[in-house]
Amino acid sequence: MTTDKIYSINGPVVTVRDSVSFSMQEMVYVGNKRLIAEVIRVSAKETTIQVYEGTTGLKPGEPVFGTGAPMSALLGPGILDNMYDGIERPLKKLEEISGAFIGDGAEVSSLDTQKKYNVTMTVKTGDKLSAGDIYCTCPETALIVHKCMLSPLSRGGEVIWTAEDGGYTVNDVVCKVKDELGRVEELTLCQRWPIRTPRPCAQRLPMSRPLITGQRVIDTIAPIAKGGTAAIPGGFGTGKTMTQHQLAKWCDADIIVYIGCGERGNEMTQVLEEFAELIDPHTNRPLTDRTTMIANTSNMPVAAREASIYTGITLAEYYRDMGYHIAIMADSTSRWAEALREISGRLEEMPAEEGFPAYLPSRISEFYERAGYVKTLNGKEGSVTIIGAVSPQGSDFSEPVTQNTKRFVRCFWALDKALAYARHYPAINWMSSYSEYTDELAGYYSANVSADFMEVRQQISNILATENSLMEIVKLMGTDVLPDDQKLLIETARVVRVGFLQQNAYHKDDTYVPLEKQYLMMKTILEYYELSKQALAKGVDAGKIMSNGFSEKLIKIKYDIPNDKPELFEQYSRQMAEWYSSAASEVV
Amino acid sequence: MDIKYIGLSEINGPLVVLEKCKDVSYDEIASITLNDGTQRLARVVEVYEDKAVLQVFEGTKGLSLTNTTTAFEGRPMELPLSGEMLGRIFNGAGRPIDGLGDIVAEKSRDINGSPINPVSRVYPRNYINTGISSIDALMTLIRGQKLPIFSGSGLSHNKLAVQIVRQAKIADENGQDFAVVFGAMGVKNDVADYFRRCFEETGVLSRVSMFLNLSNDPIIERILTPRCALTCAEYLAFEKNMHILVILTDMTSYAEALREFSSSKGEIPGRKGYPGYLYSDLASIYERAGIVKGSSGSVTQIPILTMPNDDITHPVPDLTGYITEGQIVLDRTLDQSGIYPGVSILPSLSRLMKDGIGEGYTREDHQMCANQLFAAYAKVQDARSLASVIGEEELSAADKAYMKFGSLFEEHFINQGFETNRSIEETLDLGWLLLSTLPKSELDRVDDEHLGKYYDSEKAAVRFG
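The listed protein sequences derive, respectively, from chains A and B.
Taken in order, the first sequence gives residues 2 to 589; the numbers are from my numbering.
Taken in order, the second sequence gives residues 694 to 1158; the numbers are from my numbering.
These are computed hints drawn from the structure, not numbers from a lab.
Worth double-checking, as some hints may not be accurate.
Said to hold, decoys possible - Think about it this way: if two alpha-carbon atoms lie no more than 16 angstroms apart in a straight line, the pair counts; the simulated EDC-like pairs of lysine to aspartate or glutamate are:
{"#": "1", "chain 1": "A", "residue 1": "Lys-554", "chain 2": "B", "residue 2": "Glu-766"}
{"#": "2", "chain 1": "A", "residue 1": "Lys-94", "chain 2": "A", "residue 2": "Glu-108"}
{"#": "3", "chain 1": "B", "residue 1": "Lys-852", "chain 2": "B", "residue 2": "Asp-803"}
{"#": "4", "chain 1": "B", "residue 1": "Lys-965", "chain 2": "B", "residue 2": "Glu-949"}
{"#": "5", "chain 1": "B", "residue 1": "Lys-986", "chain 2": "A", "residue 2": "Glu-354"}
{"#": "6", "chain 1": "B", "residue 1": "Lys-1152", "chain 2": "B", "residue 2": "Glu-1119"}
{"#": "7", "chain 1": "A", "residue 1": "Lys-60", "chain 2": "B", "residue 2": "Glu-1142"}
{"#": "8", "chain 1": "A", "residue 1": "Lys-476", "chain 2": "B", "residue 2": "Glu-1085"}
{"#": "9", "chain 1": "A", "residue 1": "Lys-6", "chain 2": "B", "residue 2": "Asp-716"}
{"#": "10", "chain 1": "B", "residue 1": "Lys-958", "chain 2": "A", "residue 2": "Glu-355"}
{"#": "11", "chain 1": "A", "residue 1": "Lys-6", "chain 2": "B", "residue 2": "Glu-777"}
{"#": "12", "chain 1": "B", "residue 1": "Lys-715", "chain 2": "A", "residue 2": "Asp-255"}
{"#": "13", "chain 1": "B", "residue 1": "Lys-958", "chain 2": "B", "residue 2": "Glu-703"}
{"#": "14", "chain 1": "A", "residue 1": "Lys-554", "chain 2": "B", "residue 2": "Glu-1135"}
{"#": "15", "chain 1": "B", "residue 1": "Lys-965", "chain 2": "A", "residue 2": "Glu-355"}
{"#": "16", "chain 1": "A", "residue 1": "Lys-60", "chain 2": "B", "residue 2": "Glu-766"}
{"#": "17", "chain 1": "B", "residue 1": "Lys-1093", "chain 2": "A", "residue 2": "Glu-355"}
{"#": "18", "chain 1": "B", "residue 1": "Lys-800", "chain 2": "B", "residue 2": "Glu-777"}
{"#": "19", "chain 1": "A", "residue 1": "Lys-488", "chain 2": "A", "residue 2": "Glu-473"}
{"#": "20", "chain 1": "A", "residue 1": "Lys-554", "chain 2": "B", "residue 2": "Glu-739"}
{"#": "21", "chain 1": "A", "residue 1": "Lys-557", "chain 2": "B", "residue 2": "Glu-1142"}
{"#": "22", "chain 1": "A", "residue 1": "Lys-557", "chain 2": "B", "residue 2": "Glu-742"}
{"#": "23", "chain 1": "A", "residue 1": "Lys-566", "chain 2": "A", "residue 2": "Asp-510"}
{"#": "24", "chain 1": "A", "residue 1": "Lys-381", "chain 2": "A", "residue 2": "Glu-473"}
{"#": "25", "chain 1": "A", "residue 1": "Lys-509", "chain 2": "B", "residue 2": "Asp-1140"}
{"#": "26", "chain 1": "B", "residue 1": "Lys-1072", "chain 2": "B", "residue 2": "Asp-1137"}
{"#": "27", "chain 1": "A", "residue 1": "Lys-46", "chain 2": "B", "residue 2": "Glu-1085"}
{"#": "28", "chain 1": "A", "residue 1": "Lys-554", "chain 2": "B", "residue 2": "Asp-1141"}
{"#": "29", "chain 1": "B", "residue 1": "Lys-965", "chain 2": "A", "residue 2": "Glu-354"}
{"#": "30", "chain 1": "B", "residue 1": "Lys-965", "chain 2": "A", "residue 2": "Asp-397"}
{"#": "31", "chain 1": "A", "residue 1": "Lys-418", "chain 2": "B", "residue 2": "Asp-1137"}
{"#": "32", "chain 1": "A", "residue 1": "Lys-554", "chain 2": "A", "residue 2": "Glu-473"}
{"#": "33", "chain 1": "A", "residue 1": "Lys-60", "chain 2": "B", "residue 2": "Glu-1087"}
{"#": "34", "chain 1": "A", "residue 1": "Lys-476", "chain 2": "B", "residue 2": "Asp-1075"}
{"#": "35", "chain 1": "A", "residue 1": "Lys-60", "chain 2": "B", "residue 2": "Asp-720"}
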């Protein structure tokens, strides 16, 4: 029995006096309702605890129970196709217990303990195992084979017993391992891992493969590597969530971990409904088969919001260790930072910028550093890619969360209010966005798409950059004053913007575009530009070139050429070649 | 046995400290009785083994360290609920003030509510026809949505809210009940009266439940007002299966009350002095909208907030925009040129619109028409800024067309008047007609099929000259 009693309560922060029984970041149960909580400060006089549930009705004097272990996630089959709150409680189970509104103190297992999985043993008696090695597999969903591994902290040893292949629940012992000192470890299908500790890997590998998203502005202008990090900052209404949804739907990761951190409840419901209906183009299965969701909406307890980010990344790392490629969508990291600020305020810590705690940058970097392309302990290759949305206060990118995030990510997709107002989606501003991965990925693009892909991309960027500087003049004087070649450039840039960068998420072909088509689209636009430039030089009338209708045709090319018919691009080249040669021959 | 504590140990702003008290729980309600027999309500905001900090809702004026007795009620702040609450008027703390006596409670509920489990929500899809073209066509209100009106002092947000209540028809009615819950936080007496009168005139008063905290009422009570209103709304929606429209005005006053309370507690301030938890606090109000499984009712919220100095980046509108599913922004320039409602359409948005419009809901061409109107109006702004530099004469033909489109659009589409109620068909047809004043080649968001069906420049010429 515990003798530790609550001394004071202030919102989610509870203190215990004169106790030495707690360790830092230990998970504890608070009060008669056994609310889930975590120790966040320890001193001889006072222990401070942050509670992950509502504290209404809690009284001083109620008991506090230690668990002796840090806040951990339960890892095993059943995580996919599930929806959790910030501390890995399955929301469907909570619904069964407390109905449509979430109650307090509900203790439920993170994994279904009744369901039997069809287990295939991959080791036999006498095999030597070490930390991270796989001992059995079972199909988790139609897409993903779950591989049960020794915990990274395990001492390993020799297999002395294995179960027969067959149906087992997550808590059944399927294997026993004896280490050098004769201690026996019993292995079930699941394991625990503290959420704030990164899971170790054998080696970090260089990132050379892109995460293909099918979104043109991302794949070509600012591509992200598998294992990379990206931030999507944008004021409200600029389409952060929409962009995250598009990436979650179409990117070529094996598994998606979607963290709804302090966001809208209806949005999470939408993700849930939409993903169950959508069919993954790579595998022809519903997207939910490869997705797990953490939903801690804005009105759910703030401390659990802070934990949700760590829970999400721990789940991702676990699947990475099986040799999968994971993409994490964190929407939004600003809400997580605000949760830090809120708790820091309750602890009366000295605030730094804008009331955020001074440790904000180190927390942000710790989070993003958990991404990476690695060789796992069992020798496979896996990756965790983090794509975090940032919601800058007052749409001001100079605020602390955006600035600190910018320091620790290598891909920056800046969403722009002006573009969103003009309903140019995705509203990623091509001038202020960047990717530090382009050099590392150049090899992949040259080998797999086309040898001159990077060159073509650069030419497109140049057109946009030149347009940007010309726009200063155009804004003041209109386009009429420009010389013909610059008018042509402005027109080409318009084709790039409207025809290429703008992408329709609701169109069946345009919502996901393979790299090859992206490349051919750029190539065709450049061809138009080159031919027009040459025609101008030969003396063809500029007005005639501008009104030849090809720019409108190129803008509609995204709808007119289906994704699986790249050969149709040749028709456009041929038509253009014909028109320009006949136009040139008419010049006297 | 009820323990009563005589006297207080400390009084500081709206907070009082009571020492040597036992068995007090966090968030519990206490009643403080003064020597003259009057009673005030208080809530526990911090509690220690032998000490509690209470926040007094009606203010601490007249309290001394000796003239009070305090009794704890052993439960959090609850609101008595019944179907009879419609047609009644309550104060900000949920007590009847219309002289009709207490309500006979069927149930009592914690006013803080509980978060709705995301898996129990039903994604909102049915649109509400407000009869206002700019809203219906471009930022469609969906049943179960939270769509705030961002306004400024002196703009016609109240009038707009009244018009929405009066005209709001819920498509696919099913003969279900529709009711309004009105929460007023720190509004002026005449504003509250304006709403009451308008509800009366339109004959909906018997379907309205009003929670009034006027600008001279105690600030701390203001923190309870939206929560009482929403508890009532949730009860009517999810247990009585009604469609509830909640109007909360003015959220800026609410946030200011929260700031005042926070600073009197000595908390560390965040942006502009607002407490660091403003986002979570606002979310605990706004997120109480939606539809849940197992009930046919819904809660739709239209919070109104006045942007201080018309600044949309002020913490209150900023954080609100991050929580709510879109916003309707009112514009002072439009208002001054006599356009009602002065909805500034470019920054306005409805996030749930895309799934609640189109075939089966409004009309299949809705999305395309809306996209094109947005895109065209964005170009109007470019043309206008160019015209202000080089003069309208010097503009290209296309830009001139946009200038003309812009003024026609504002005059005929946005400007509609307080009495006009347009059906969605009328609204969309008007939109297409306005688009037809532009050259066909400019309509790059519309496919050829729709152009053929709706583009009619001759008809537009007849109508607009």
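Here is how each hint holds up against the structure:
no.	hint	in the structure
1	A:Lys-554 with B:Glu-766	violated (74 angstroms)
2	A:Lys-94 with A:Glu-108	holds (10 angstroms)
3	B:Lys-852 with B:Asp-803	violated (33 angstroms)
4	B:Lys-965 with B:Glu-949	holds (11 angstroms)
5	B:Lys-986 with A:Glu-354	violated (43 angstroms)
6	B:Lys-1152 with B:Glu-1119	holds (15 angstroms)
7	A:Lys-60 with B:Glu-1142	violated (67 angstroms)
8	A:Lys-476 with B:Glu-1085	holds (14 angstroms)
9	A:Lys-6 with B:Asp-716	holds (13 angstroms)
10	B:Lys-958 with A:Glu-355	violated (19 angstroms)
11	A:Lys-6 with B:Glu-777	violated (44 angstroms)
12	B:Lys-715 with A:Asp-255	violated (56 angstroms)
13	B:Lys-958 with B:Glu-703	holds (13 angstroms)
14	A:Lys-554 with B:Glu-1135	holds (14 angstroms)
15	B:Lys-965 with A:Glu-355	holds (9 angstroms)
16	A:Lys-60 with B:Glu-766	holds (13 angstroms)
17	B:Lys-1093 with A:Glu-355	violated (46 angstroms)
18	B:Lys-800 with B:Glu-777	holds (12 angstroms)
19	A:Lys-488 with A:Glu-473	holds (14 angstroms)
20	A:Lys-554 with B:Glu-739	violated (67 angstroms)
21	A:Lys-557 with B:Glu-1142	holds (14 angstroms)
22	A:Lys-557 with B:Glu-742	violated (71 angstroms)
23	A:Lys-566 with A:Asp-510	holds (11 angstroms)
24	A:Lys-381 with A:Glu-473	violated (52 angstroms)
25	A:Lys-509 with B:Asp-1140	holds (15 angstroms)
26	B:Lys-1072 with B:Asp-1137	holds (12 angstroms)
27	A:Lys-46 with B:Glu-1085	violated (75 angstroms)
28	A:Lys-554 with B:Asp-1141	holds (13 angstroms)
29	B:Lys-965 with A:Glu-354	holds (13 angstroms)
30	B:Lys-965 with A:Asp-397	holds (15 angstroms)
31	A:Lys-418 with B:Asp-1137	violated (21 angstroms)
32	A:Lys-554 with A:Glu-473	violated (28 angstroms)
33	A:Lys-60 with B:Glu-1087	violated (75 angstroms)
34	A:Lys-476 with B:Asp-1075	holds (8 angstroms)
35	A:Lys-60 with B:Asp-720	holds (10 angstroms)
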